[in-house]
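J.: Residues per chain are reported as follows:
There are 2 protein chains.
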Amino acid sequence: MHSLTGKLFTEVEADVLREIICNRRDVRGNRFLDRPLEEVVVRQLLDAALHAPSVGFSQPWEFVLIRDAEIKRQVKDSYTEENQKALSFFGEEKQAVYARLKLEGIVEAPLNIAVFYKPSGKPVLGQTSMEEVGLYSVVCAVQNMWLMARALNIGIGWVSILDPDKVKQILKAPLENKLVAYLCVGYTDGFYLKPELELLEWEKRKAAEAAVIYERYVISP
Amino acid sequence: MHSLTGKLFTEVEADVLREIICNRRDVRGNRFLDRPLEEVVVRQLLDAALHAPSVGFSQPWEFVLIRDAEIKRQVKDSYTEENQKALSFFGEEKQAVYARLKLEGIVEAPLNIAVFYKPSGKPVLGQTSMEEVGLYSVVCAVQNMWLMARALNIGIGWVSILDPDKVKQILKAPLENKLVAYLCVGYTDGFYLKPELELLEWEKRKAAEAAVIYERYVISP
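Respectively, the protein sequence lines represent chains A and B. 794 is the number of the first residue of the first sequence in this note's numbering; add one for each residue after it. 794 is the number of the first residue of the second sequence in this note's numbering; add one for each residue after it.
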């Protein structure tokens, strides 16, 4: 069998990762700078994505790099429509806050990346019982890219207020592809110290204890 | 509005992240050491997970920490059953290879973590058009944990050859919870330099060009 000679990381290196993780933010259009991304930087983001884990090493991802203003405008139209619908989900008080939020940077960001899941069309090792893990591989790629962007002091915002069918039409994506994420990418004038929705008191950070269960759930009688 | 004073990372720090990303592996039972994980280490893994991005800052995750041998045995039974079924998906030649692969470390790993999506029960900002992004937030938490584990020289293996309903029953999980990932976590005797399925030539690494599209898909006439 192949030798095991993987690198051992130091405590200092683990701390670097911890800092990158804790300083990553969702960046919106009011923060992006009008400055193009160098090709070498885009390559580093993609390289991080392409080294994500994938079920059965299936690498079921496709990345559409969008700089064209007309395509962005069409995607923005879908956002505007979906965001209008979204308002009605919230109570009166939250609606007023919601309407003031800047939630995307489709037009402002120099680069948009539409991230698709592409089914492999043959059985995939590890995907035979839980088919959705193919999608999850693509999400791991997005998270790798997001962290790498933060380490390069580049902002990413994930826009999910979109009609995925419309985005597929705009991008002429194959029928079998599934839109997983739509990312706005660019240099920014800075990063907030905490998530914006936490600063705005839209939601509170949950206590760690609320998310951790030991051994199994206890059913109340 | 709140000030923007987020940390600026250096090139050296970005390189550390790149190395962690490229050296992360899926670790199986033939590599785990029989050595318990210190509580402080488990806390660091959870802390990385809890700082993942989540749609609308909903933090829709729950982590079940499993050390109990009887629970592990029951989960392993589900793996064995599903893995037997999985064989039939592959052609004769691949079946022989598949049957020899060690694909999980449920019993060998000192710690298992079942990761669930817990729907919030109220409308979530950003989740009104693509409901699945709640699940994707949980996957981002898994990937954060996986990278932090690698930085701490700890192995994680993601087991997806399981019946999620059986795992939910074993863990007495609430009906509304959805199993996203089942992780085996522990110290290891090393990390392979490349993904195991690449070394075994089960799948090839795809060329970057195959995964990148510019502006939009071109439909052949």
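The set of hints was computed from the structure by calculation and includes no laboratory data. Remember, predicted model here, so these are calculated numbers, not experimental data. Even for Gly, the Cβ is constructed at its ideal location relative to N, Cα and C. Keep in mind that a hint or two might mislead.
What the hints assert, rightly or not - Covered stretches of chain A (in silico footprint by chain B; criterion: 3 or more residues with CB under 8 Å from a CB of chain B, positions within the stretch not fixed):
| id | region |
| --- | --- |
| 1 | 800 to 811 |
| 2 | 846 to 859 |
| 3 | 862 to 870 |
| 4 | 935 to 944 |
| 5 | 948 to 956 |
What the hints assert, rightly or not - DSBU-like, lysine-lysine: derived pairs with alpha carbons at most 30 Å apart:
| id | chain 1 | residue 1 | chain 2 | residue 2 |
| --- | --- | --- | --- | --- |
| 6 | A | Lys-878 | A | Lys-999 |
| 7 | B | Lys-965 | A | Lys-911 |
| 8 | B | Lys-895 | A | Lys-915 |
| 9 | B | Lys-959 | A | Lys-961 |
| 10 | A | Lys-959 | B | Lys-911 |
| 11 | B | Lys-911 | A | Lys-987 |
Unchecked claim - Using C-beta positions, here's what the derived DEER-type ranges look like:
| id | chain 1 | residue 1 | chain 2 | residue 2 | range |
| --- | --- | --- | --- | --- | --- |
| 12 | A | Phe-882 | B | Arg-836 | 32 to 40 Å |
| 13 | A | Cys-815 | B | Asp-870 | 32 to 40 Å |
| 14 | A | Glu-831 | B | Leu-894 | 54 to 62 Å |
| 15 | A | Gly-983 | B | Glu-831 | 32 to 40 Å |
| 16 | B | Leu-801 | A | Phe-882 | 31 to 39 Å |
| 17 | A | Glu-925 | B | Gln-888 | 18 to 26 Å |
| 18 | B | Phe-882 | A | Tyr-1007 | 31 to 39 Å |
| 19 | A | Gln-888 | B | Leu-894 | 30 to 38 Å |
| 20 | B | Leu-968 | A | Lys-878 | 24 to 32 Å |
| 21 | B | Phe-882 | A | Ala-892 | 47 to 55 Å |
| 22 | B | Pro-829 | A | Trp-995 | 38 to 46 Å |
J.: Run the structure past the numbered hints and jot down the numbers of the failing ones, going up.
T.: 3, 7, 9, 14 and 19
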